[in-house]
Amino acid sequence: AQSVTQLDSQVPVFEEAPVELRCNYSSSVSVYLFWYVQYPNQGLQLLLKYLSGSTLVKGINGFEAEFNKSQTSFHLRKPSVHISDTAEYFCAVRSYSGAGSYQLTFGKGTKLSVIP
Amino acid sequence: NAGVTQTPKFQVLKTGQSMTLQCAQDMNHEYMSWYRQDPGMGLRLIHYSVGAGITDQGEVPNGYNVSRSTTEDFPLRLLSAAPSQTSVYFCASSSAQGSYGYTFGSGTRLTVV
Numbered sequence: 001a002q003s004v005t006q007l008d009s010q011v012p013v014f015e016e017a018p019v020e021l022r023c024n025y026s027s028s029v030s031v032y033l034f035w036y037v038q039y040p041n042q043g044l045q046l047l048l049k050y051l052s053g054s055t056l057v058k059g060i061n062g063f064e065a066e067f068n069k070s071q072t073s074f075h076l077r078k079p080s081v082h083i084s085d086t087a088e089y090f091c092a093v094r095s096y097s098g099a100g101s102y103q104l105t106f107g108k109g110t111k112l113s114v115i116p
Numbered sequence: 117n118a119g120v121t122q123t124p125k126f127q128v129l130k131t132g133q134s135m136t137l138q139c140a141q142d143m144n145h146e147y148m149s150w151y152r153q154d155p156g157m158g159l160r161l162i163h164y165s166v167g168a169g170i171t172d173q174g175e176v177p178n179g180y181n182v183s184r185s186t187t188e189d190f191p192l193r194l195l196s197a198a199p200s201q202t203s204v205y206f207c208a209s210s211s212a213q214g215s216y217g218y219t220f221g222s223g224t225r226l227t228v229v
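Chains as they are written, first to last, in this note's numbering: chain A, 1 to 116; chain B, 117 to 229.
It cannot be assumed that every hint is accurate.
What the hints assert, rightly or not - Listed next, with one range per pair, are the computed distances between beta-carbon atoms:
#1 A/83 x B/195: 36 to 46 Å
#2 B/125 x A/83: 25 to 35 Å
#3 A/45 x B/202: 22 to 32 Å
#4 A/84 x B/216: 23 to 33 Å
#5 B/119 x A/64: 23 to 33 Å
#6 B/189 x A/16: 42 to 52 Å
#7 B/225 x A/9: 31 to 41 Å
#8 B/225 x A/111: 14 to 24 Å
#9 A/18 x B/130: 41 to 51 Å
#10 B/196 x A/53: 25 to 35 Å
Just so you know, the hints here were simulated from the structure itself, not pulled from any lab data.
Where a beta carbon is used, it is the ideal one built from N, C-alpha and C, also for glycine.
Construct the complete structure from the given sequences, taking the supplied hints into account.
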């Protein structure tokens, strides 16, 4: 079964500083990779996705992520964070689960706190 | 607006009661799934469906039941609620390949006392 590891449960960062949220997954066999953001008391919103092609993907709100197949990583980055980026971020991997179906497996989340 | 609709948004149950969480999508997505979210645990898959009449278990299926009679609806039933089922529940849908990501509902916050 696929597993997803988000290496940091909490990341505090000052406003306008860069940030990297780390994500590793267990298998590199034909996976789709996603980052979702969850603002307090809300549902999940898709930030960006990697399906194939260029290993650097850009998403909404100035975020980007780089797919590294050899290291099975998909780290999320933003060069300059804003207070409004304070939220919980989830890395997810879609992988084949047999019998023609797929499953989306989530990491445990990273809480990003932007300090004024 | 197109998307995934979950009802109710909040619910309090007594131990042993049963209830159904509703999920409906209007995007003609084949794939639908239920997750529960607990602090520090991320989202864990309860059940999923790849089309009408087809369901399967995820990581934490015990105590939950699902059926998929139409493409649009995927209700989650709690058979006999337990305090351990206190959680936030999310329904999600996607096209068969999941290429465009998964669309999530706004969640149901369930408390079992």
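The hints, checked one at a time:
Separated by about 44 Å at the C-beta atoms, residue 83 of chain A and residue 195 of chain B satisfy the suggested range of 36 to 46 Å. Between residue 125 of chain B and residue 83 of chain A the beta carbons are some 27 Å apart, a value that agrees with the proposed interval 25 to 35 Å. Restraint check, residue 45 of chain A to residue 202 of chain B: a C-beta distance of roughly 24 Å satisfies the suggested window 22 to 32 Å. Range check, residue 84 of chain A to residue 216 of chain B: Cβ separation about 25 Å, and the 23 to 33 Å hint holds.
As the Cβ distance of residue 119 of chain B to residue 64 of chain A is approximately 26 Å, the hint placing it in 23 to 33 Å holds. A hinted range of 42 to 52 Å holds for the C-beta pair residue 189 of chain B and residue 16 of chain A, which are about 46 Å apart. About 22 Å separates the C-beta atoms of residue 225 of chain B and residue 9 of chain A, a value inconsistent with the hinted range of 31 to 41 Å. For residue 225 of chain B paired with residue 111 of chain A, a C-beta distance near 19 Å keeps the hint of 14 to 24 Å intact.
At roughly 49 Å, the beta-carbon separation of residue 18 of chain A and residue 130 of chain B lies within the given 41 to 51 Å, and the hint holds. Take residue 196 of chain B and residue 53 of chain A: their Cβ atoms lie about 48 Å apart, and the range 25 to 35 Å is violated.
In this structure, the earlier hints numbered 7, 10 are contradicted, and the remaining ones agree with it.
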